[in-house]
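Residue numbers (numbering that gives the first Met the number 0), protein chains in the order written: chain A, 0 to 89; chain B, 0 to 89; chain C, 0 to 89; chain D, 0 to 89; chain E, 0 to 89.
Since the hints were derived computationally from the structure, they do not count as laboratory data. No experiment lies behind these values; they were computed from the predicted model shown. Heads up, a few of these hints could be off.
Heads up, the list lumps identical chains together, so a pair's fine if it works in one copy or across two of them.
As the list claims (entries may be wrong) - Here are the simulated SDA-like cross-link-like pairs (lysine to any residue), alpha carbons at most 20 angstroms apart as the crow flies:
hint, residue 1, residue 2
1, K43, S13
2, K43, L11
3, K43, H8
4, K43, A32
5, K43, L15
6, K43, D62
7, K43, G77
8, K43, R14
9, K43, T10
10, K43, H20
11, K43, Q79
12, K43, I74
Letter by letter, the chains look like this.
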Amino acid sequence: MEIHQVRGHLTLTSRLDGLGHLPVKVLDSISGATLVAMDPIGVKPGDWVFTIANSAARSAAGDDRLLTDLTVAGIIDGWQTDKDESTNIL
Amino acid sequence: MEIHQVRGHLTLTSRLDGLGHLPVKVLDSISGATLVAMDPIGVKPGDWVFTIANSAARSAAGDDRLLTDLTVAGIIDGWQTDKDESTNIL
Amino acid sequence: MEIHQVRGHLTLTSRLDGLGHLPVKVLDSISGATLVAMDPIGVKPGDWVFTIANSAARSAAGDDRLLTDLTVAGIIDGWQTDKDESTNIL
Amino acid sequence: MEIHQVRGHLTLTSRLDGLGHLPVKVLDSISGATLVAMDPIGVKPGDWVFTIANSAARSAAGDDRLLTDLTVAGIIDGWQTDKDESTNIL
Amino acid sequence: MEIHQVRGHLTLTSRLDGLGHLPVKVLDSISGATLVAMDPIGVKPGDWVFTIANSAARSAAGDDRLLTDLTVAGIIDGWQTDKDESTNIL
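Please build the complete structure, drawing on both the sequences and the hints.
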């Protein structure tokens, strides 16, 4: 899975029916890439999130028939090391 | 999913039958890559689009037997942030 | 799908049976990568081709049991823009 | 599969149910990337590990319904060459 | 598929059962990446090999239940162009 910051949501003038009704978000990856993901959670611009790719992305969107290769799976709060030092995001 | 601008369509002198009859387009990705995708929507050179990769690309093309790993899934108009500022494309 | 120029075919001293009897070609990708693909079409060194990756690559090779993650799917002649200007390759 | 060093575990404020109860770890890849993986082994910060991606990642997590595209599969101790020289990690 | 040179085999202190009993090798890719692959052929350090990724990697390992996303599929001897000039490796 990869880590990204949410930039905003896409406005589409034409879209395939199979995309369903979940919002589609633009993400800035920590690798420098700009990606698009389905969002079943309801994330906001500025949120740090992680995404799941490929076949598991369809399950993550809640229906294996949905057309997606990248889905938001969680909002990141920070991380901890063995020393119990909590770091607030990245 | 990834964001690209449409460059044009491919002319092929030899192609596998399993590609079906959808047009095949050349895309310039915002990551700098040049890619080829099936187009079930009918996009035009200059359009900004997003694509779906891998197994969902076959469903997106309308028939899971079609040979594709990248399919155009929508035309992008712009995006909005929480502040309701709409940005016209990228 | 990605665009490549054919460099030549591989000579192998040991190979898995599941590779079948299709030729295996070395390709120079326009992204700069050197890749190996199955060739069900019979492409020649210098040809510009496009390839299909992952699960669709197995179908493209003609038998879903074949061991491949990249298969040549067509020979590229050029492309056209909306203005009907045809460009001869890349 | 790819090689990474474990940085720590993620704290999430919102997560999909399908992620199950395995810990989710942040990894520094030797390629320079920062990735997130499910951890069925119980690795510690500083451990060198290798991961399995995509569909096999779900099986590696112990249940094909789990939502993951990257799972820790083993802890690396070092490697040996033909000359029986053992190298302690990377 | 991609081309790599074999560096050595991995020694693991902890591994998932689903990895089975095939050796796990460290490969230096011609793209510059360092990767890990299952080896059903028995390749040696210094050998040039090509690998198969993702779902076909599991079949290539001999059992679709094995946990792998990259499997060695053949040892490369060299390649030929149309002019019948044989080049000894890369």
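Hints, one by one, checked against the model:
1. Proximity of K43 and S13 under a CA criterion of 20 angstroms is satisfied inter-copy only: 12 angstroms between copies versus 23 angstroms inside one chain copy.
2. For a Cα distance limit of 20 angstroms, the shortest separation of K43 from L11 qualifies both inside one copy, at 18 angstroms, and across copies, at 15 angstroms.
3. Taking the closest pair of Cα atoms, K43 and H8 come within 20 angstroms of each other only inside a single copy of the chain (9 angstroms); across copies the shortest separation is 23 angstroms, beyond that limit.
4. In this assembly of identical chains, K43 and A32 lie within 20 angstroms of each other by CA distance solely inside one copy; the values are 19 angstroms within and 24 angstroms between copies.
5. In this assembly of identical chains, K43 and L15 lie within 20 angstroms of each other by CA distance solely across copies; the values are 16 angstroms between and 24 angstroms within a copy.
6. In this assembly of identical chains, K43 and D62 lie within 20 angstroms of each other by CA distance neither inside one copy nor across copies; the values are 23 angstroms within and 31 angstroms between.
7. For the identical chains of this complex, K43 and G77 are neighbours both inside a copy (17 angstroms) and across copies (17 angstroms), given an alpha-carbon limit of 20 angstroms.
8. When the C-alpha separation of K43 and R14 is checked against a cutoff of 20 angstroms, the pair qualifies only between copies, where the shortest distance is 14 angstroms, while the shortest distance within a copy is 22 angstroms.
9. For the homomeric pair K43 and T10, the shortest alpha-carbon distances inside one copy (15 angstroms) and between copies (18 angstroms) are both at most 20 angstroms.
10. For the homomeric pair K43 and H20, the shortest alpha-carbon distance inside one copy (17 angstroms) is at most 20 angstroms, but the shortest distance between copies (25 angstroms) is not.
11. For the homomeric pair K43 and Q79, the shortest alpha-carbon distance between copies (11 angstroms) is at most 20 angstroms, but the shortest distance inside one copy (24 angstroms) is not.
12. Taking the closest pair of Cα atoms, K43 and I74 come within 20 angstroms of each other only inside a single copy of the chain (10 angstroms); across copies the shortest separation is 22 angstroms, beyond that limit.
Violated hints amount to a single one, hint 6; each of the other numbered hints is respected by the structure.
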